[in-house]
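Visitor: Chain residues, written in single-letter form:
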Amino acid sequence: MDKKVSFDEERCKGCELCIEACPKGIIHLADHFNSKGFHPAAVTDEEQAKCTTCLLCARMCPDTVIEIFRPERVAR
Amino acid sequence: MSVKVFERPKALSSVIFHYCPGCTHGIIHRLVAEAIDEFGVQGKTIGVASVGCSVLAYNYFNVDFQQAAHGRAPAVATGIKRCLPDRTVFTYQGDGDLASIGTAEIVHAAMRGENITVIFVNNAIYGMTGGQMAPTTLLGQNTTTSPGGRKPERAGRPIRMSEMLSQLEGPAYIARVSTHNAAQVARAKQAVKKAFQAQVDKKGFSMVEVLSTCPTNWGMTPNEALKWLEENMLPVYPLGEFKTEPGLPGPSAAKTTVPTREVKTD
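Sequence lines, in order, name chains A and B. If you read the first sequence in the working numbering, its first letter stands for residue 513, the second for the next number, and so on. If you read the second sequence in the working numbering, its first letter stands for residue 6, the second for the next number, and so on.
Same shape as in the complex, but just chain A:
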């Protein structure tokens, strides 16, 4: 399964605005640090499936850390 939400960890400053914005509550701060010394935002691989690609986290992110991928619709 492809990732729906990806974080550019080096850009993240751990401000937690995306955590508050996420309606599914799947974003958390990772335990590790980035090179600036911040805990970057992350979504675990298991929680990726819960992402609805609503873009709210990306819209609130002040550092454009987040990229969103939406599964392509297959015509039936």
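Simulated from the structure, these hints should not be mistaken for lab results. Careful: at least some of the hints might be erroneous.
As the list claims (entries may be wrong) - The calculated lysine-lysine pairs, modelled on DSS-like cross-linking and capped at a C-alpha distance of 25 Å, are:
| no. | chain 1 | residue 1 | chain 2 | residue 2 |
| --- | --- | --- | --- | --- |
| 1 | B | Lys15 | B | Lys198 |
| 2 | A | Lys515 | B | Lys15 |
| 3 | B | Lys232 | A | Lys536 |
| 4 | A | Lys536 | A | Lys516 |
| 5 | A | Lys536 | A | Lys515 |
| 6 | B | Lys9 | B | Lys194 |
| 7 | B | Lys198 | B | Lys208 |
| 8 | B | Lys9 | A | Lys515 |
| 9 | A | Lys516 | B | Lys9 |
| 10 | B | Lys49 | B | Lys15 |
| 11 | B | Lys207 | B | Lys194 |
| 12 | B | Lys194 | B | Lys232 |
| 13 | A | Lys516 | A | Lys562 |
| 14 | A | Lys516 | B | Lys194 |
| 15 | B | Lys194 | B | Lys208 |
| 16 | A | Lys516 | B | Lys15 |
| 17 | B | Lys9 | A | Lys562 |
| 18 | A | Lys536 | B | Lys9 |
| 19 | B | Lys198 | B | Lys49 |
Here the structure is a predicted model, which is why all the values come from computation and not from measurement.
Given the coordinates of chain A, assemble chain B onto it according to the supplied hints.
Guide: Just chain B now, with coordinates in the frame of chain A:
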């Protein structure tokens, strides 16, 4: 297969912002860059940076930039736009820059109806210099130069630039938007696009006032700051469109100023 539906706009460079964690400057930079991308004018846009935290905006936008003296961005933008009328010219100013030292420049650029776009970031405090009182500081708000809160008998009352400038005949579009949640950010994007549209259509001066936070100098976490903005700033700075020239997309504004009649001279 999946499609990328959200990425960093092309009009932003890859440089990491120097802004504090949770500072909404980053959101507003992105909105402006997305508008530039969507109008397809990256190659012929000239930004004018102010003095304040956004002084380094020229590092972050992938467009031509000019740095202006404190508060003088609308005057510099006037010169650029008059020399190069085919360029999209915008200024990016904070409240310490636009509403304080630059009041004369902004009022007269608006009065002349210069065909420029102004992005006015209002966070009710001087951010870069360490959290001093700004003209936009709320009554009772603690800052380093108003310990115990801003008192009206000493320091006056907060200045509402959007309402003030919308009384003039020059501006084509004036709106106030906010960044306190994702829905408001989406609305802010529409307002920024409309302001650029006004310039593309040669309607005249356009300004978007964006309510913003300063978690560091307000002494709050980024999320607390967004809540503080919603609870305290919105009653003082109501959101909405204060002036919309007919012909711009979207609902027309409730208030439009009546143009002054020309005096006939023989």
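Visitor: A separate judgement is required for each hint: does it hold in the structure or not?
Guide: Quick rundown of the hints versus the structure:
1. B:Lys15 with B:Lys198: 16 Å, holds
2. A:Lys515 with B:Lys15: 22 Å, holds
3. B:Lys232 with A:Lys536: Holds, at roughly 20 Å.
4. A:Lys536 with A:Lys516: OK: A:Lys536 and A:Lys516 at ~13 Å, within 25 Å.
5. A:Lys536 with A:Lys515: 16 Å, holds
6. B:Lys9 with B:Lys194: 20 Å, holds
7. B:Lys198 with B:Lys208: With Cα atoms ~14 Å apart, B:Lys198 and B:Lys208 stay inside 25 Å; holds.
8. B:Lys9 with A:Lys515: 11 Å, holds
9. A:Lys516 with B:Lys9: OK: A:Lys516 and B:Lys9 at ~9 Å, within 25 Å.
10. B:Lys49 with B:Lys15: 14 Å, holds
11. B:Lys207 with B:Lys194: Answer holds: B:Lys207 to B:Lys194 is near 20 Å, not above 25 Å.
12. B:Lys194 with B:Lys232: 20 Å, holds
13. A:Lys516 with A:Lys562: Status holds; Cα separation ~9 Å.
14. A:Lys516 with B:Lys194: OK: A:Lys516 and B:Lys194 at ~24 Å, within 25 Å.
15. B:Lys194 with B:Lys208: 19 Å, holds
16. A:Lys516 with B:Lys15: Cα-Cα ~21 Å, so holds.
17. B:Lys9 with A:Lys562: With Cα atoms ~17 Å apart, B:Lys9 and A:Lys562 stay inside 25 Å; holds.
18. A:Lys536 with B:Lys9: Answer holds: A:Lys536 to B:Lys9 is near 20 Å, not above 25 Å.
19. B:Lys198 with B:Lys49: 16 Å, holds
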